[in-house]
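K.L.:
Just so you know, the protein sequences line up as chains A, B and C, in that order.
Take 2 as the starting number for the first sequence in the working numbering and just add one per residue.
Take 2 as the starting number for the second sequence in the working numbering and just add one per residue.
Take 2 as the starting number for the third sequence in the working numbering and just add one per residue.
Honestly, the hints are just simulated from the structure, not real lab data.
Just so you know, not all the hints are guaranteed correct.
Pairs count within a copy or across copies, as identical chains cannot be separated in the list.
Claimed, not checked - Restricting the straight-line Cα-Cα distance to at most 30 Å, the calculated cross-link-like pairs of lysine-lysine (DSBU-like) are:
#, residue 1, residue 2
1, LYS302, LYS150
2, LYS10, LYS157
3, LYS58, LYS157
4, LYS207, LYS157
5, LYS10, LYS294
6, LYS302, LYS192
7, LYS11, LYS299
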Amino acid sequence: MQTKSKDLKKLSWEEFYNTPLDKKLSYFAENNHLFDCLFSQQFNRKNIDHIFSVATKIRTIAKSKEGLDWLQTLLSHKRAMLYFIQPSTRTFLSFQSACYILGLKVSEIRSTSTSSEAKGESLEDTVRTFSSYTDLLIMRHFEEGFAEKTAWLLNKTKRPVPIINGGSGKDQHPTQALLDLYTLNWAFNDKGGIDNKTIAMVGDLKRGRTVRSLTYLLKNYKNIKFVYISPDYLRIGEDIKHFLKKHRMKYIETDDMKKSIQDADAIYMTRIQDEYDINHESKDIDYSKFHLKKEHLKLIKKNAIIMHPLPRRDEIEHSIDNDPRAMYWRQERNGMWIRAALIAHIFRIEGSILYY
Amino acid sequence: MQTKSKDLKKLSWEEFYNTPLDKKLSYFAENNHLFDCLFSQQFNRKNIDHIFSVATKIRTIAKSKEGLDWLQTLLSHKRAMLYFIQPSTRTFLSFQSACYILGLKVSEIRSTSTSSEAKGESLEDTVRTFSSYTDLLIMRHFEEGFAEKTAWLLNKTKRPVPIINGGSGKDQHPTQALLDLYTLNWAFNDKGGIDNKTIAMVGDLKRGRTVRSLTYLLKNYKNIKFVYISPDYLRIGEDIKHFLKKHRMKYIETDDMKKSIQDADAIYMTRIQDEYDINHESKDIDYSKFHLKKEHLKLIKKNAIIMHPLPRRDEIEHSIDNDPRAMYWRQERNGMWIRAALIAHIFRIEGSILYY
Amino acid sequence: MQTKSKDLKKLSWEEFYNTPLDKKLSYFAENNHLFDCLFSQQFNRKNIDHIFSVATKIRTIAKSKEGLDWLQTLLSHKRAMLYFIQPSTRTFLSFQSACYILGLKVSEIRSTSTSSEAKGESLEDTVRTFSSYTDLLIMRHFEEGFAEKTAWLLNKTKRPVPIINGGSGKDQHPTQALLDLYTLNWAFNDKGGIDNKTIAMVGDLKRGRTVRSLTYLLKNYKNIKFVYISPDYLRIGEDIKHFLKKHRMKYIETDDMKKSIQDADAIYMTRIQDEYDINHESKDIDYSKFHLKKEHLKLIKKNAIIMHPLPRRDEIEHSIDNDPRAMYWRQERNGMWIRAALIAHIFRIEGSILYY
Numbered sequence: 002m003q004t005k006s007k008d009l010k011k012l013s014w015e016e017f018y019n020t021p022l023d024k025k026l027s028y029f030a031e032n033n034h035l036f037d038c039l040f041s042q043q044f045n046r047k048n049i050d051h052i053f054s055v056a057t058k059i060r061t062i063a064k065s066k067e068g069l070d071w072l073q074t075l076l077s078h079k080r081a082m083l084y085f086i087q088p089s090t091r092t093f094l095s096f097q098s099a100c101y102i103l104g105l106k107v108s109e110i111r112s113t114s115t116s117s118e119a120k121g122e123s124l125e126d127t128v129r130t131f132s133s134y135t136d137l138l139i140m141r142h143f144e145e146g147f148a149e150k151t152a153w154l155l156n157k158t159k160r161p162v163p164i165i166n167g168g169s170g171k172d173q174h175p176t177q178a179l180l181d182l183y184t185l186n187w188a189f190n191d192k193g194g195i196d197n198k199t200i201a202m203v204g205d206l207k208r209g210r211t212v213r214s215l216t217y218l219l220k221n222y223k224n225i226k227f228v229y230i231s232p233d234y235l236r237i238g239e240d241i242k243h244f245l246k247k248h249r250m251k252y253i254e255t256d257d258m259k260k261s262i263q264d265a266d267a268i269y270m271t272r273i274q275d276e277y278d279i280n281h282e283s284k285d286i287d288y289s290k291f292h293l294k295k296e297h298l299k300l301i302k303k304n305a306i307i308m309h310p311l312p313r314r315d316e317i318e319h320s321i322d323n324d325p326r327a328m329y330w331r332q333e334r335n336g337m338w339i340r341a342a343l344i345a346h347i348f349r350i351e352g353s354i355l356y357y
Numbered sequence: 002m003q004t005k006s007k008d009l010k011k012l013s014w015e016e017f018y019n020t021p022l023d024k025k026l027s028y029f030a031e032n033n034h035l036f037d038c039l040f041s042q043q044f045n046r047k048n049i050d051h052i053f054s055v056a057t058k059i060r061t062i063a064k065s066k067e068g069l070d071w072l073q074t075l076l077s078h079k080r081a082m083l084y085f086i087q088p089s090t091r092t093f094l095s096f097q098s099a100c101y102i103l104g105l106k107v108s109e110i111r112s113t114s115t116s117s118e119a120k121g122e123s124l125e126d127t128v129r130t131f132s133s134y135t136d137l138l139i140m141r142h143f144e145e146g147f148a149e150k151t152a153w154l155l156n157k158t159k160r161p162v163p164i165i166n167g168g169s170g171k172d173q174h175p176t177q178a179l180l181d182l183y184t185l186n187w188a189f190n191d192k193g194g195i196d197n198k199t200i201a202m203v204g205d206l207k208r209g210r211t212v213r214s215l216t217y218l219l220k221n222y223k224n225i226k227f228v229y230i231s232p233d234y235l236r237i238g239e240d241i242k243h244f245l246k247k248h249r250m251k252y253i254e255t256d257d258m259k260k261s262i263q264d265a266d267a268i269y270m271t272r273i274q275d276e277y278d279i280n281h282e283s284k285d286i287d288y289s290k291f292h293l294k295k296e297h298l299k300l301i302k303k304n305a306i307i308m309h310p311l312p313r314r315d316e317i318e319h320s321i322d323n324d325p326r327a328m329y330w331r332q333e334r335n336g337m338w339i340r341a342a343l344i345a346h347i348f349r350i351e352g353s354i355l356y357y
Numbered sequence: 002m003q004t005k006s007k008d009l010k011k012l013s014w015e016e017f018y019n020t021p022l023d024k025k026l027s028y029f030a031e032n033n034h035l036f037d038c039l040f041s042q043q044f045n046r047k048n049i050d051h052i053f054s055v056a057t058k059i060r061t062i063a064k065s066k067e068g069l070d071w072l073q074t075l076l077s078h079k080r081a082m083l084y085f086i087q088p089s090t091r092t093f094l095s096f097q098s099a100c101y102i103l104g105l106k107v108s109e110i111r112s113t114s115t116s117s118e119a120k121g122e123s124l125e126d127t128v129r130t131f132s133s134y135t136d137l138l139i140m141r142h143f144e145e146g147f148a149e150k151t152a153w154l155l156n157k158t159k160r161p162v163p164i165i166n167g168g169s170g171k172d173q174h175p176t177q178a179l180l181d182l183y184t185l186n187w188a189f190n191d192k193g194g195i196d197n198k199t200i201a202m203v204g205d206l207k208r209g210r211t212v213r214s215l216t217y218l219l220k221n222y223k224n225i226k227f228v229y230i231s232p233d234y235l236r237i238g239e240d241i242k243h244f245l246k247k248h249r250m251k252y253i254e255t256d257d258m259k260k261s262i263q264d265a266d267a268i269y270m271t272r273i274q275d276e277y278d279i280n281h282e283s284k285d286i287d288y289s290k291f292h293l294k295k296e297h298l299k300l301i302k303k304n305a306i307i308m309h310p311l312p313r314r315d316e317i318e319h320s321i322d323n324d325p326r327a328m329y330w331r332q333e334r335n336g337m338w339i340r341a342a343l344i345a346h347i348f349r350i351e352g353s354i355l356y357y
């Protein structure tokens, strides 16, 4: 049984932060409906399927000028703030575009140098200020738990606004996981859906938050097999393996990419996250063994799909882009639609959209 | 009698800048109606009361989607430029939100590094360029007199656009003063209004421009008592004292916060402005005596209100936020409404708003 | 005969880049209608006159609130990205304002530090990402050929979006040339048009891309005489002279400004572009001989016009601004109208505008 919101409100931040996730999810919801979007674990099969329907409908409506003009009336009275302190192009742009699609006005802060943090203001006061003028806060930050702390703080005030986590530290990136899943769902639509598929995840599994978040989300599907392919130093975290074992999800770990991608239905490539290096430890890793090359295309399944959260360096050879199994550009664009659907969900306007 | 605008146009910038304020206010007005908003001294009881009514009406209309959508049609044909070279979060965001509320499109410049000043362009040319593409210029700059100089320059061209001073140097910050006054007016609404009240101002009175601007504005009310509480080094400026004496306004100066806040109807706390330090002189000041702590709450009047222009450091203990007398978060949000009202006033659309 | 687009698609970037311009223009057009706007050479008398009519019509419509509100409905379903890596105020602002006038939503990137290039992403992937979320890409970059390369890349994908070159390196700046030409056309409207006029261009002709682009555009007019006035080191490039000879256009070169401006119908002043200095070579040049001073006003024709792409340093004395022949502030504002017209042209909505 979940701890009640009322009791959660009495906890200090340290106590709250260390509360197991399943005991505190109610704090970020209203009657089981998402208020804040912070963790992949907030999604279940029901709200996932619902948000996917909304995303697909928005995408269809937006094809015509009339449709897009109509969508823009839905939240024309709302203002969103994009607080993106960590460098980002695609997440920022896709959120901003998602806001534009639904008519939200957008303010942005992309550097702490222009803000009052420079004047010694506390985080508490800064985020409360953001919430004073806007109706939605979308945040990307280099600190783990930053978005959660913001939501924790605001939900104690009289005027909380929803928070969407656009990536915090090497922790989570739930909307990336959602768009990844939406892409899997789309690709496997006429192949029995996501259930029973083998998903290979390749690269820096230790620090790649997209891999972590996607794993959490896939708990909502049946009989998934995970193949975690990485250099020894960059293996998937113990917490994720604990999660997999707890939910009896099948996985193997290996460092042999060439061999282990052959049975995969989806191959999810990732970049080495050396910005999180403490002492340049990544430079001694031979990451080239975890690059997908044209020569590998003949080894993988005819129906397999190749994904990547982007940006890439050399993980996928550019010539692969033209292979019909390459799904990463579509995956990227899906980010805009799924984020628009998520915002629609949070503001409870999905009804209007689905019945358009 | 005021100098005529025609004569003022012949003055060089140095002559103009050194002209007493009351002799040049006409240069920034059209038939006694604000064209530029640069100084607190431009406000009188009549236009203050008018702008306050508009702010309150905008706030009411904005509560519904229909109302906010309607407000956004009023200036949908106008474009504003936010030129904010000095770091700022809340002033920037509240002006941007105010523009969005009235439907203005917004351009922003937040750093000189992206602009043509890097190519050796003069200030004159840069601001004239801004005015070429926009209908309203909102400026925040670290130099005293910057907004005034811009308005002086543009009012001599064939296509002037209104300037709003969003803070220039340690000089003035008139819209902050306006929102402070609006908050006082709201809080004392059922207590006989602002007249006859005792206002304590605490902290860095030497360099805090909000204190200066608010003092100027309070001249429009009867029988105000000012209590200026500060360390000796940070006492209120001689020019302000001269102003107070000239207008026979009562004030005392003290460094004993604990004692002197007890009779105040409003306690206006401020941050130490050490960004204006020349030689780190602030670090030797014991500013902790000018911090409001939970233990002080029992000393102050039951009906007193606590204000702060924000951002704060430690001037007000966070636990005070939950006291009903703490008014600074409401005060902050008021900034958005009062700025929307000011813009409405400048563009002369208050009529439509008041009769909505 | 032009090389067919199909054949052009097979070329590598190096091969494509080195293909003569007249052989590859079809790659950036659809049925002779501009798709991308990259080079001045894409304009001919027919599309120039057409775009000028649209600009003038937009300017007229925008005078009323009803008109501007109507214009904003035309592209309300489109999103533009302003990717301005090179510092710029006026080009950026005039493009942004042009987008606002037609109702486009705008995203901006003004520094590579906030983007994924920092994570080692290739140019190809970065621009393809921009194109994923937006419908129009407006770019300013310090590298020659950057906008062309972007358009080359995107036109090979399944979802190309139009590119407008807002200035790339010391190469071209076609929209600046277009606004310069529009200003000439306006000024000479009742003097027989641009044909037969003498155009003096003064200053850093070696590196000033506006001079280069304007020269290309003037090929579309009859019997223009060019007077290129510059220090020896900053003479107009050999490629431009080759172009002039090929098209039998008359020109002279000189370093005697005082003498050679006397017969000019238009005097186009330019700034020394020392940001392109390799070894501070500009500092030894006496540029003051190429400054227009008040004393020169009596030497030039009564009907001559004085132009400058701005920003200026000391090339034109400020007191000249009040002379009726000074056309540079109008020229600047024309940039907004002509850019709006160009965007309208690219999206093929000129019909609606002309018949408003």
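K.L.:
Checking each numbered hint in turn, tell me which of them this model violates, lowest number first.
P.N.:
1, 4
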